[in-house]
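A.B. asks: Spelled out from the first residue to the last, the chains are:
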Amino acid sequence: MQVSMTVNGQTVAAEIEGRTLLVELLREGLRLTGTHVGCDTSQCGACTVHVDGLPVKACTMLAAEAEGCSVTTIEGMANADGTLSPLQQAFNDHHGLQCGFCTPGMVMSGAALLAVNPKPTETEVRHWLEGNLCRCTGYHNIVKAIMAASGQQVGETV
Amino acid sequence: MSEGIGARVKRKEDKRFITGKGKYTDDIRMENQAYAAFVRSPHAHARVNGIDASDAEGMEGVIAVLTGAELKADGIGNLICGWAISSKDGSPMNMGPWSALATDRVRYVGDAVAVVIAESPTLARRAAEKVAVDYEELPAVAHADKALAKGAPQVHDNAPGNLIYDWGIGEEAATDAALAASAHVTEMHITNNRLSPNPMEPRSAVATFDESEDHYTLYTTSQNPHVARLVLSAFYNVAPEHKLRVIAPDVGGGFGSKIYIYPEEITCLWASMKTKRSVKWTADRSEAFMTDAHGRDHITTAKMGFDKDGRITGFKVDTIANFGAYMSLFSSAVPTYLYATLLSGQYNIANIYANVRAVYTNTVPVDAYRGAGRPEACYLIERMMETAARELGLDAAELRRRNFITQFPHQTPVIMAYDVGDFGGNLDKAQKAANVAGFPARKAEAARRGKLRGLGYSCYIEACGIAPSAAVGSLGAGVGLWESAEVRVNPVGTIEILTGSHSHGQGHETTFAQIVADRFGVPINNVSIVHGDTDKVQMGMGTYGSRSGAVGMSAIVKAMDKVEAKIRKIAAHQLEASEDDIVIEGGEVKVAGTDKKMAWHEVGLAAYTAHNLPAGMEPGLKEGAFYDPVNFTFPAGCYIAEVEVDPDTGVTKIVQFTAADDFGTIINPNIVEGQVHGGVAQGIGQAMLESVVYTDDGQLLTGSYMDYAMPRADDVPFYTIEHNTTVCPNNPLGIKGCGEAGAIGAPPAVINAITDAIGSNDLSMPATPARVWAAISAARPRVAAE
Chain A
1 MQVSMTVNGQ
11 TVAAEIEGRT
21 LLVELLREGL
31 RLTGTHVGCD
41 TSQCGACTVH
51 VDGLPVKACT
61 MLAAEAEGCS
71 VTTIEGMANA
81 DGTLSPLQQA
91 FNDHHGLQCG
101 FCTPGMVMSG
111 AALLAVNPKP
121 TETEVRHWLE
131 GNLCRCTGYH
141 NIVKAIMAAS
151 GQQVGETV
Chain B
1 MSEGIGARVK
11 RKEDKRFITG
21 KGKYTDDIRM
31 ENQAYAAFVR
41 SPHAHARVNG
51 IDASDAEGME
61 GVIAVLTGAE
71 LKADGIGNLI
81 CGWAISSKDG
91 SPMNMGPWSA
101 LATDRVRYVG
111 DAVAVVIAES
121 PTLARRAAEK
131 VAVDYEELPA
141 VAHADKALAK
151 GAPQVHDNAP
161 GNLIYDWGIG
171 EEAATDAALA
181 ASAHVTEMHI
191 TNNRLSPNPM
201 EPRSAVATFD
211 ESEDHYTLYT
221 TSQNPHVARL
231 VLSAFYNVAP
241 EHKLRVIAPD
251 VGGGFGSKIY
261 IYPEEITCLW
271 ASMKTKRSVK
281 WTADRSEAFM
291 TDAHGRDHIT
301 TAKMGFDKDG
311 RITGFKVDTI
321 ANFGAYMSLF
331 SSAVPTYLYA
341 TLLSGQYNIA
351 NIYANVRAVY
361 TNTVPVDAYR
371 GAGRPEACYL
381 IERMMETAAR
391 ELGLDAAELR
401 RRNFITQFPH
411 QTPVIMAYDV
421 GDFGGNLDKA
431 QKAANVAGFP
441 ARKAEAARRG
451 KLRGLGYSCY
461 IEACGIAPSA
471 AVGSLGAGVG
481 LWESAEVRVN
491 PVGTIEILTG
501 SHSHGQGHET
511 TFAQIVADRF
521 GVPINNVSIV
531 HGDTDKVQMG
541 MGTYGSRSGA
551 VGMSAIVKAM
561 DKVEAKIRKI
571 AAHQLEASED
581 DIVIEGGEVK
591 VAGTDKKMAW
601 HEVGLAAYTA
611 HNLPAGMEPG
621 LKEGAFYDPV
631 NFTFPAGCYI
641 AEVEVDPDTG
651 VTKIVQFTAA
661 DDFGTIINPN
671 IVEGQVHGGV
681 AQGIGQAMLE
691 SVVYTDDGQL
701 LTGSYMDYAM
711 PRADDVPFYT
721 IEHNTTVCPN
731 NPLGIKGCGE
741 AGAIGAPPAV
751 INAITDAIGS
761 NDLSMPATPA
771 RVWAAISAAR
781 PRVAAE
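If you're matching them up, the sequences are chains A and B in order. Just so you know, we're using the numbering used here here: the first sequence kicks off at 1 and counts up by one. Just so you know, we're using the numbering used here here: the second sequence kicks off at 1 and counts up by one.
In isolation and in its complexed conformation, chain A is listed as follows (with noise of 0.2 Å):
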C-alpha cells in the first residue's frame, strides 16, 4: 500500500506493507536512524516521535495509521542553522546522556512534556518520563537537564 506523510518538513511516499510500523518505515524506508528500537511492548521509549506533535511509540503505531500525519524524528529537533535546541544543549550541559541509545527518546519525550507544561515540577519531570527507560544515568541528570532547558536549576551547582 502507499502512504505519504510529512516528515521532519520533507514530503514522503513510500510503498509499504500492511504491516509496517512507523519505527520501521522511519529506520529501513527512511534511513532516520536515530529513532531506536529497545524493546518490542512499548515499555523503553526509545523509539518515541511526535505525530501531530504528540509523544507517539513509533514501535506501536502502524505506519499506515500516520498517513498525512507531520512526523517529527530526533534528526528534525535541532534549530534550523544546525545548533542543538535549548533540550538538546542542556543534555551536553547537565550530561544527561551516557551511551547515548535512550537519548533521542527521551529528547522527544521531553520536548514534548515542556510543550504542555513549560515549568514542570521534579515530580512531573519523572512521572512524564516513565515511559523512557534509561540504564545508564539513573535519570538524574536527565532529570536536571529537562529541568534547566524549562529554565529551572535544581540538584547541586555544577
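Hint data in this document are derived by calculation from the structure and do not stem from the laboratory. None of these values were measured; they are calculated from a predicted model.
Capping the alpha-carbon separation at 20 Å, the derived lysine to any residue pairs in SDA-like fashion look like this:
id: 1; chain 1: B; residue 1: Lys21; chain 2: A; residue 2: Pro86
id: 2; chain 1: B; residue 1: Lys23; chain 2: A; residue 2: Glu28
id: 3; chain 1: B; residue 1: Lys10; chain 2: A; residue 2: Ser85
id: 4; chain 1: B; residue 1: Lys562; chain 2: B; residue 2: Glu618
id: 5; chain 1: B; residue 1: Lys15; chain 2: A; residue 2: Ala80
id: 6; chain 1: B; residue 1: Lys15; chain 2: A; residue 2: Asn79
id: 7; chain 1: B; residue 1: Lys21; chain 2: A; residue 2: Arg31
id: 8; chain 1: B; residue 1: Lys10; chain 2: A; residue 2: Gln89
id: 9; chain 1: B; residue 1: Lys10; chain 2: A; residue 2: Thr83
id: 10; chain 1: B; residue 1: Lys653; chain 2: A; residue 2: Glu124
id: 11; chain 1: B; residue 1: Lys451; chain 2: B; residue 2: Val651
id: 12; chain 1: B; residue 1: Lys10; chain 2: A; residue 2: Pro86
Covered by chain B, according to a simulated footprint, are these stretches of chain A (three or more residues, beta-carbon under 8 Å):
id: 13; segment: 30-40
id: 14; segment: 43-57
id: 15; segment: 71-80
id: 16; segment: 136-142
The following label-pair restraints were derived from C-beta to C-beta distances:
id: 17; chain 1: B; residue 1: Ala774; chain 2: A; residue 2: Thr41; range: 27 to 37 Å
id: 18; chain 1: B; residue 1: Asp535; chain 2: A; residue 2: Ala115; range: 40 to 50 Å
id: 19; chain 1: B; residue 1: Lys21; chain 2: A; residue 2: Arg19; range: 27 to 37 Å
id: 20; chain 1: A; residue 1: Thr121; chain 2: B; residue 2: Asp535; range: 45 to 55 Å
id: 21; chain 1: A; residue 1: Val12; chain 2: B; residue 2: Asp696; range: 50 to 60 Å
The beta carbon of each residue, even a glycine, is placed where N, CA and C say it ideally should be.
Chain A is fixed; fit chain B onto it per the hints.
C.D. replies: Quick look at chain B alone, frame taken from chain A:
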C-alpha cells in the same frame, strides 16, 4: 588548566547522540544484506530428535536454514569458559559442551537449534516458526539449591550432580575455631537475586564474508572487540585473526553482558560464509532476556563471629552459585576471584573461609554483570554487619568503625592486598552529607504522617583495574589483562589516541582526550580517540571491571612518556639545549629559563619533515605501549540510604541517597558522578524491583519489560555524591575506577534502610511492596480476634 585532569568538561561525543547521528550496529546496512532469525527451544531441557526445515526452506525469500550439525561439520568449535577453576580436591572444573547451535540436546528456554537466513527480518521470523523441531522433553531444574539435590535432573553428563566445581579459599579450621571462641555469632541465609543486565541497545551483529579475500568483517555490540576476535579465531575456528575484522561501533551500554561472544555472533559469521551474503541479526527484548548472560544468583549461608568488644573474629561463608545451562566466558571467576576474595570488606578479619559450589541449571548462562561477584560479597558483608549491630545493640556505624582497616597496605586472608584507603573518612563524609544527626527528627516527623522511616549503611570495597596478568594467570585466567595504547602526533600537531579500551557510554572520547590535554597542553578538540576496530587498534582487552581508567589510561600515559621523550630530543636538538631543560606546557615546547621555544605543531612538523633531526633518529612521532597493572585497585566508599515505608501497602520510597566514594584521581567529575548515578540506580533496581524469575521447570517468567521491573525515573531520587580521595599508588594517574561502585554499594544500603524502617530483618531482594508488607505483617504482634 580548564580541560585537563579534574575539569568538568562537557562530553565531545554527545552531539552525534543528541542529534540522532550515533552509529550503532543495527543502524548499519550492508549491500546484499540478509537477515537471521533463530529457532529457539521453548523447553528448558529436551532431547532434539530431528529438525524438519522443509516448509521454511520452501518459503519465497528464505535463503537458507542452517543447523548445528552443519555448523559442527564445518569445524566451528564449542563455546568456552576462559578461566580454569579447580575444586578443593584438585580436580578441574566440569565444563559441559556448548555448541552455538544445539545438536542433540537443548538446555534452556532460548537455546538455539537452527538459524533461518532470509531477505527480510519478518520473513526470517516467519520462516523460523515453520521449522519443525522434534523435541523430547526432559525433566529440568532451574534453581541452584535444587540442582544439587539428590536425583535432580542432570544438565550435563560430565558434571555429576550438576556440580561444576567445589572451591574453597581461606583457613577453615582456624575460622571454625575463631567462631567457636566468639562472644557472639551472627548467622544469616542470604539470596542474591538473579538479574538481567539490560543495556538499552539490544545485542546485534552484522557479518560479511568476502569470498575473494577469504576475509570476514563483523560489526557487533561488544565491550571488547579484540577479545571477540581472539576467541572467534583461536577457539571457535571461524577464521584466523588476520582474516577477521571485528568492529564495535557505538555501543548502547554493556554492563558486562557485551563482554561475551555469544552463539549469535558466531552463527552470523559462519552463515555469511555459507550464504555468501551479509547476515544481520538484532535481538528483540525478549531474546535479550533469554540469551544475554544474567548476573548474580547466589544462595549463601554465613556466620560472622564477634568478641565482647564487637570486633570481628571470623567469617565463614558457604555459597551456591547458579551458572545456568552453560559456562559463559568468565563465569567461573565471578563467584571465586571476584567474590570470595572481597569477603574481608573494609574490615580487619583475621579468619575467613569461603566455600563456593558452582552448579548447572536449565537457565540462561550467568556471568559478570556490573560489579560481578563484588556486589554479592558486599551485600553479604554489609547485611551481616547491620544485622550484627542490631543483635549486639550497637550503632551500625560504630560497629563498622571498630572494625575498619586503618593501616595500609593491608593483606587480607583472602588474597587481596589493599593498597590505600580512608574508610573512616568515607563514613564521616557520608554521615555529614546525609545529615545522620538529624535522622531521629525526620523519623519522628514521618511517623506523624503514618510512615516508617529507616536509614541504612553500606561500606563497600571492590577490586578493580582488572588486572595484573601474571597474578590472574596464576589463578587460572586464560588471558592477560593489560591494556594497549598508541599515541600518534600528526605533522600538524593534532593527536590520535588508539586504545584497546572501548567506550559504550563511559565518555572515553572526552576523558582520554583530557589526559592528553593535561600532559601536552593541546585543546581536547585536537585529540581524537580511536577504538573499537581491530583493523585500527592492534590489540586490546576492552572495557569491564572498571579498568578503562586504571589500566587503559595508564597505557596512554606510558605511550605519552615515550612521545615526550622523543619530543625532548627533537626540541633539544633544534633549540640547541639540553633535553633536561625542555618543558612542555601551554601548547609550547620551551627551554626552561630562556625565551627559546617551538610551537607544539612545529615539533610535529619537524618530526615528519625529518630535515633536522638528531643523528640516527627515525622520522615520525608515534609511540605505542602496553601497560600491565601491578595490583588491583581498591575503590571504596560509604553509601547511606534513607527510606519511607507506607505500613499499610508496603510501598517504599527512597527519600535520600548519599554516596561518599574514594575513586582515587578523578579525570572528569561529571562523568564519574554519572557513573555513580547509573550504578546506584541499578543497585536500587536490584534491591527493590528487579528479579529474573523462573518456574521450577525452567520456564522464564520475566521475558519482557512488562514482567521485569526496570528502575524508572520516578523510582529513584536525586542522589547526593561526595568524593573522599586517596590516590592509588600503583598506577601513573592514581586512578582506582568508578564504573561498578554504585551497583556494588547500593543494594545493602537500601535493604538495611528498609529493614531498619519496618523493624524486621526478614526481607529478601527485590523488596517489592508485597514483600515489605508481608514482612511488616509477619513481625506485627498478633491481636486476638474479638
